[in-house]
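Engineer: What follows is the residue order along each chain.
Protein chains: 6
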Amino acid sequence: MFEIDRLIRLALDEDIGTSDLTTSSVIDPGIKGNAQIIAKEDLILAGIDIFCSVFTFLNSEVKFNKFFKDGDFINSNSAVAEISCDVVDLLRGERVALNFLQRLSGIASLTRKYIDRVKGYNVKVLDTRKTTPGWRSLEKYAVKVGGGINHRSGLFDGILIKDNHIKACGGIRRAVEKARANIPHTFKIEVEAKDIDEVREALESGVETIMLDNMDTEEMEKAVRVINKRAVVEASGGINLDNIVDVAKTGVDLISVGALTHSARACDISMNIVGIKG
Amino acid sequence: MFEIDRLIRLALDEDIGTSDLTTSSVIDPGIKGNAQIIAKEDLILAGIDIFCSVFTFLNSEVKFNKFFKDGDFINSNSAVAEISCDVVDLLRGERVALNFLQRLSGIASLTRKYIDRVKGYNVKVLDTRKTTPGWRSLEKYAVKVGGGINHRSGLFDGILIKDNHIKACGGIRRAVEKARANIPHTFKIEVEAKDIDEVREALESGVETIMLDNMDTEEMEKAVRVINKRAVVEASGGINLDNIVDVAKTGVDLISVGALTHSARACDISMNIVGIKG
Amino acid sequence: MFEIDRLIRLALDEDIGTSDLTTSSVIDPGIKGNAQIIAKEDLILAGIDIFCSVFTFLNSEVKFNKFFKDGDFINSNSAVAEISCDVVDLLRGERVALNFLQRLSGIASLTRKYIDRVKGYNVKVLDTRKTTPGWRSLEKYAVKVGGGINHRSGLFDGILIKDNHIKACGGIRRAVEKARANIPHTFKIEVEAKDIDEVREALESGVETIMLDNMDTEEMEKAVRVINKRAVVEASGGINLDNIVDVAKTGVDLISVGALTHSARACDISMNIVGIKG
Amino acid sequence: MFEIDRLIRLALDEDIGTSDLTTSSVIDPGIKGNAQIIAKEDLILAGIDIFCSVFTFLNSEVKFNKFFKDGDFINSNSAVAEISCDVVDLLRGERVALNFLQRLSGIASLTRKYIDRVKGYNVKVLDTRKTTPGWRSLEKYAVKVGGGINHRSGLFDGILIKDNHIKACGGIRRAVEKARANIPHTFKIEVEAKDIDEVREALESGVETIMLDNMDTEEMEKAVRVINKRAVVEASGGINLDNIVDVAKTGVDLISVGALTHSARACDISMNIVGIKG
Amino acid sequence: MFEIDRLIRLALDEDIGTSDLTTSSVIDPGIKGNAQIIAKEDLILAGIDIFCSVFTFLNSEVKFNKFFKDGDFINSNSAVAEISCDVVDLLRGERVALNFLQRLSGIASLTRKYIDRVKGYNVKVLDTRKTTPGWRSLEKYAVKVGGGINHRSGLFDGILIKDNHIKACGGIRRAVEKARANIPHTFKIEVEAKDIDEVREALESGVETIMLDNMDTEEMEKAVRVINKRAVVEASGGINLDNIVDVAKTGVDLISVGALTHSARACDISMNIVGIKG
Amino acid sequence: MFEIDRLIRLALDEDIGTSDLTTSSVIDPGIKGNAQIIAKEDLILAGIDIFCSVFTFLNSEVKFNKFFKDGDFINSNSAVAEISCDVVDLLRGERVALNFLQRLSGIASLTRKYIDRVKGYNVKVLDTRKTTPGWRSLEKYAVKVGGGINHRSGLFDGILIKDNHIKACGGIRRAVEKARANIPHTFKIEVEAKDIDEVREALESGVETIMLDNMDTEEMEKAVRVINKRAVVEASGGINLDNIVDVAKTGVDLISVGALTHSARACDISMNIVGIKG
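Chains as they are written, first to last, in numbering that gives the first Met the number 0: chain U, 0 to 277; chain A, 0 to 277; chain S, 0 to 277; chain E, 0 to 277; chain P, 0 to 277; chain H, 0 to 277.
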């Protein structure tokens, strides 16, 4: 619940540390200023509230004028927001606040690209647990802002029996039986299948969801026919902007894409001081 | 000093939370196993020690056999290391440990690509403060592993007078004078210059380093001639794998690249259980 | 993941604070001793490992000889375990360690009483979220040790639409539709129903579990007939050792009992020093 | 000083974790509501301020209308307070806030029962260190609210030489001498005595308080006569609502009761949403 | 209980921060070395264990050879201890470890000077609550090592009614009555008296200890006569090495000296590397 | 960034702990009062804001009337500030707040004495890393308030090659070369020299600053002549109020004095309640 505040503090600590040497030696305290946040490329905005929180941590009297909200598409060179504050705090918070905003908008913008690709197909795009350590909830939020769907948050809120579980347990059937006997009644079961035989075994075990792991699209199509609506079907592994449409065409229900969070590049956003009041 | 341990704990907390539902319901405690870590693409390894620490946090008796060390080039499909441990802990730690290793190796591998491009030119490639909040020291470490050079760690350990400082202070000369009067004697001064006029003003102010901000290569060349070794010259802004050679040819001493940390994609690395002992 | 260690530290801090005045003034350092842990009433043991951890926090060289393990039935006046350690640390840790052990064994023992009552009926006894703040995972562990089943851990790992949700959302149907559209595919849906009409509405909405909230047994029976295996049925509200058999007879699948955690009394367990070595 | 805030955060963290799945999927943000807190049995209120703090942590704009204050007797079915807030936050905070209020009111109500029993006798009812780890100060507060008296807070603010100290030190006299030589001049000394001989030894050692440990009432009476006002007399061990009057009749000054904190059952209190404003 | 570890971490963090720049750039990792700790003036040693802990935090394989223990008198130019370790860690830990040792030895040495002055008088020298914030328990430990006696640890473990309490409460008698009615039976009461009238009032109120606050020695003598062993007598306020003998001669039982902790100067102790092994 | 808040909390925790026993038993809640802060000796004020923060932590409605600000000279017996607040909180915060103010003012006042001595000489007085663990930034702040200059904050923001580095590295030249190759371009290099030979070696290595370590003034003069403005010269080691003028006369640029922080005595400042409103 409180991990975002902790991350902001951590980020300010690691950037400012003992003090902002340049600013404290060059700028007189008490000078007020306005700054504009400018999108330097087309993007989907994500993280505007955490961006503001960074400055609020430094100075409780900072004022914001937000021209857009999370999820909005913003054209290159548009102003995203305006901030008024002591110049000293504008300069101390600039980099940390932008680092949050650029990374989260990067994830939202990339997610939107995937969503746009499969528009018209009856399929949802999901994230994975391949997130930056410490950023799980923020990155999953950015995926949602971009139009994606969240898979489980962690190991604690979803049952997903993967290849390593199957190997260690001795087969899909055995693993599903043990899971069903031991998990709370509030959970469904998902199993990873690497070929049609495993798909069949999972199906016979009565699982609610089957993940097709690293299959080619031909094999996926076959799996979808075999499953025949008796379980939700998730495609996973090596899916990118080039091949996602082919995957969508196989008829799977869900497509999970690790790259949404582990390989999004940061959006280009900058902050310019536009006015100074002595 | 202790922030890496804190980040590992945070990462395990956000992934495992109340428990690893799947593993605890499917795998009997006490089963031992071996797992191999496999590079699924060519990469520069970074983060193998933090990878191991994740498992050590979960189980102090885990054993590692590392085939490579940070900074090594690893061919696709090679085994990076082998781990022996309770299977339950292999499965609980897998994702978090890989998330660290994939991200850091991604940064080191990208850095190496930049370094390789400018081989033969007398220029160094530097990182920036555009890092993932909470990851500053880890990401700067990965840049170094990849062969890059670290710029200042934060606002506390380097003087860099940027455009917003200049605007708020009323000119380069004034800013440099104030800095010199107020900073400890252990620091040099760097100033950002956006054109030749500012380069000249910075030079006359006697700064030790001049950053050429977002100049085109023609302008950079001119700046280098004007400065004529009287200050260290750093190029910054919009530099990528396509244009870095042109920048290097201008004769600058340092090239800083935000993309090293803010836009590296994760390397593909996986963990496979290869043996189980009842 | 790390909250139990934090709770032990908190407990030692609040009891020992600046120092154990009595022990440090009365007992010379360096004296070794043995102590026995004695059950002063019949009980189901729970928490023996956390009991030991308390002493290990104080002195890493403490040695334990455990005669029983969690889940074992122990007769009044039996020795549970023996500890060897500096006497100073035996005395400093005694109360905190016993406070953990007595409370957790109290919960396990009470849970076992409920389980024993409904032996022979095809029904499971569950805990609730009515736990002591800070103790959620420990108390749920004690319920499991006693033979009970855990309901969801918190608001994050289960969907349970309760009366207040229904009121605020405007009806069961509407709430279930919204939930289904928004939750990850890994979760089932449970709805609270206060009468047969609500049971029918829940059933038509296709929920996986229906909680009969504060119904009398006659109404429960009717609900079970109406549901007719189309959903899992949970009874909840005001269930105690006197009426649980009647509830079990109605044919419900699950019975949840808040008293397991919010009203168990501590077991009587004591520690006696039995040997001193100067 | 700050441990109550920490406990509230811990409690919200363990209940809400990554998010309140049900509420966030079912209730639209921005809807306001009123809720009533209803006592479902006769009780002594304790913890109304911490109850409110839980909601304030979630939403700084929540408003309370409290009809009673801590220490008040409340009749079954009376409204304790009313809350106005975003419905989302009413639902997120409900269980944690009630868990605090129910437990603390349970302790206060049980304490009052003990106090009422011994009304008319010149004796005080005290708590012990048999508290829930992490809850020491809260539970001692609830005892005070119920009319009880607090014994020492922990090992750091009172000298109590117990049986295990006496065994390890080699006798009461020796232990009292060592204590007197080593403790700050601000403390009195209390000694546990298990029979009349020990009472005499304690008395001759000049202690300020003698605790009669697990004596029957006949022995207690004798001890009171022997002590004859030369020390404060505390009865302890196995005292309950059935036998406390007999203990009071022996003429002891203080009666300490572990059950006040370790075995109070939670009071039944509930929260009902009574109004919704779109 | 755990605050000393926290202070060591805090101290290492504030000194080393992101890294020891000098050492990491100048010394190759893996070089081992020995260093000697040398007392550069006569002193009473205090803090040798915390000194060692600082290095153990940095490197668990450091080895110590201690020639003295806390409380020992050490001659100028004697070796206190020898350390063997990676040179990198010797250099990283040197300053922080010495800062602890120099400050604590400074307090112990100053305390010893006060003790030596009043040798032969039947009086004890006590510390006060005028300690460095964050260092209360360490500084009180150093006072004890130096031969002093600890007054209460804080506001929580002793009753001391001071001038401001008396003013706010309306007189000594009233304050003592209220205290007696409200405090646990484990505490004695001490009252501050600024003149003989207040001494008399305190005495009549039956307090166990009377503090003579900022009296001259003549007035103290009179107070001692008036009290005539009916209460313990503590002298306090403005006592230093020059006047402590005169105070001792007045016949008071206790003398408390703020300067022990708030104005001790650090002892001169240094660390010299005496051997390097490649 | 947030370490001062943490230190205040730590300080309040260690002083107040479970409660202020005296105040809570003697003073009725709700009584308001005014208190004056009085300088009991001539001093330079430092820490008035942290003094106020202590009370604000306890009671957000406290009001201050400050008659002086940090850096001001205050005459003995002058009022520094006035506080209005619940009397209970005045009494709970008094000691901790004064402990901060007295220590910091002590450092500022001592620093001012050193500064005054060398007035008229072209030399600056610097602090060192010989600070109280946990207090680095506060104590360096107090030095600045007193008119001193801050040396580096820690090992992370300045390069200072000391005797132990030189020994372990094998000579000044070698150490400087390695430093220059490895440190960020933003730093200058300082080297410690113990005699004229080392001064020459440092000079030839091209370092920016040379520290003359424990030289007598004759040797210092010689070193200043040898260096002849080619490097900044810092004198260090054993400098006190008696010899600082002689050191200044040698022509060094900087004089660093450990005693500023490790051996300042606390200023005498007290708090008197001057008005009570029932």
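Because the hints were derived from the structure by calculation, they are not lab data.
We treat Cβ as the ideally placed atom computed from N, Cα and C, and that holds for glycine.
It is possible that some hints are incorrect.
[Stated by the list, open to error] In silico PhoX-like links for lysine-lysine, alpha-carbon gap of 20 Å or less:
id : chain 1 : residue 1 : chain 2 : residue 2
1  : A       : 193       : U       : 177
2  : U       : 129       : A       : 112
3  : A       : 161       : U       : 161
4  : H       : 31        : A       : 177
5  : E       : 177       : P       : 187
6  : S       : 31        : E       : 123
7  : S       : 166       : E       : 31
8  : E       : 123       : P       : 177
9  : A       : 65        : A       : 31
10 : S       : 143       : U       : 177
11 : E       : 39        : S       : 129
12 : U       : 123       : S       : 177
13 : P       : 39        : H       : 187
14 : A       : 177       : H       : 166
15 : E       : 166       : S       : 276
16 : E       : 39        : S       : 177
17 : U       : 166       : A       : 161
18 : U       : 39        : A       : 129
19 : U       : 228       : S       : 187
20 : P       : 161       : H       : 31
21 : H       : 187       : H       : 123
22 : P       : 276       : H       : 166
23 : P       : 276       : E       : 187
24 : S       : 193       : E       : 177
25 : A       : 161       : U       : 39
26 : U       : 31        : A       : 39
27 : E       : 68        : E       : 31
28 : U       : 123       : S       : 31
29 : P       : 187       : E       : 123
30 : S       : 187       : U       : 187
[Said to hold, decoys possible] From chain U, some residues computed to sit far from chain S (all C-beta separations above 12 Å):
id : residue
31 : 40
32 : 78
33 : 120
34 : 123
35 : 150
36 : 170
37 : 187
38 : 188
39 : 208
40 : 220
Engineer: Next, verify each hint and record whether it holds.
Structural biologist: Hint by hint, here is what the structure shows:
1. A:193 - U:177: With Cα atoms ~66 Å apart, residue 193 (chain A) and residue 177 (chain U) exceed 20 Å; violated.
2. U:129 - A:112: Measuring from Cα to Cα gives roughly 24 Å; hence the hint is violated.
3. A:161 - U:161: Roughly 50 Å separates the two Cα atoms, so the pair is violated.
4. H:31 - A:177: Distance of about 47 Å is beyond 20 Å: violated.
5. E:177 - P:187: holds (18 Å)
6. S:31 - E:123: violated (38 Å)
7. S:166 - E:31: holds (12 Å)
8. E:123 - P:177: Roughly 17 Å between the alpha carbons, so the hint for residue 123 (chain E) and residue 177 (chain P) holds.
9. A:65 - A:31: holds (19 Å)
10. S:143 - U:177: Holds - the C-alpha atoms of residue 177 (chain U) and residue 143 (chain S) are around 16 Å apart, at most 20 Å.
11. E:39 - S:129: Holds, because 15 Å separates the two Cα atoms, which is no more than 20 Å.
12. U:123 - S:177: holds (17 Å)
13. P:39 - H:187: violated (32 Å)
14. A:177 - H:166: violated (38 Å)
15. E:166 - S:276: holds (12 Å)
16. E:39 - S:177: Between residue 39 (chain E) and residue 177 (chain S) the Cα gap is close to 32 Å, so the pair fails against 20 Å, i.e. violated.
17. U:166 - A:161: Violated. Residue 166 (chain U) to residue 161 (chain A) sits at ~56 Å, over the 20 Å cutoff.
18. U:39 - A:129: holds (15 Å)
19. U:228 - S:187: It holds: about 18 Å lies between the C-alpha atoms, which stays within 20 Å.
20. P:161 - H:31: holds (18 Å)
21. H:187 - H:123: Status holds; Cα separation ~18 Å.
22. P:276 - H:166: Since the Cα atoms of residue 276 (chain P) and residue 166 (chain H) sit roughly 12 Å apart, the hinted pair holds (cutoff 20 Å).
23. P:276 - E:187: violated (58 Å)
24. S:193 - E:177: violated (65 Å)
25. A:161 - U:39: holds (18 Å)
26. U:31 - A:39: Violated - the C-alpha atoms of residue 39 (chain A) and residue 31 (chain U) are around 52 Å apart, more than 20 Å.
27. E:68 - E:31: Given that 20 Å is the threshold and the Cα spacing comes to 25 Å, the pair is violated.
28. U:123 - S:31: Since the Cα atoms of residue 123 (chain U) and residue 31 (chain S) sit roughly 65 Å apart, the hinted pair is violated (cutoff 20 Å).
29. P:187 - E:123: holds (19 Å)
30. S:187 - U:187: Distance ~6 Å between residue 187 (chain S) and residue 187 (chain U) Cα, so the pair holds.
31. 40: Fine: 31 Å to the nearest Cβ keeps residue 40 (chain U) off the interface.
32. 78: holds (33 Å)
33. 120: holds (17 Å)
34. 123: Nearest chain S Cβ is 9 Å from residue 123 (chain U), so the label is violated.
35. 150: The claim is violated: residue 150 (chain U) sits with its nearest Cβ about 6 Å from chain S, within 12 Å.
36. 170: Consistent with the label, residue 170 (chain U) stays out of reach of chain S, its closest Cβ about 22 Å off (over 12 Å).
37. 187: The assertion about residue 187 (chain U) is violated, with a minimum of 5 Å to chain S.
38. 188: violated (8 Å)
39. 208: violated (6 Å)
40. 220: holds (21 Å)
Checked against the numbered hints above, the structure violates hints 1, 2, 3, 4, 6, 13, 14, 16, 17, 23, 24, 26, 27, 28, 34, 35, 37, 38, 39; every other hint is satisfied.
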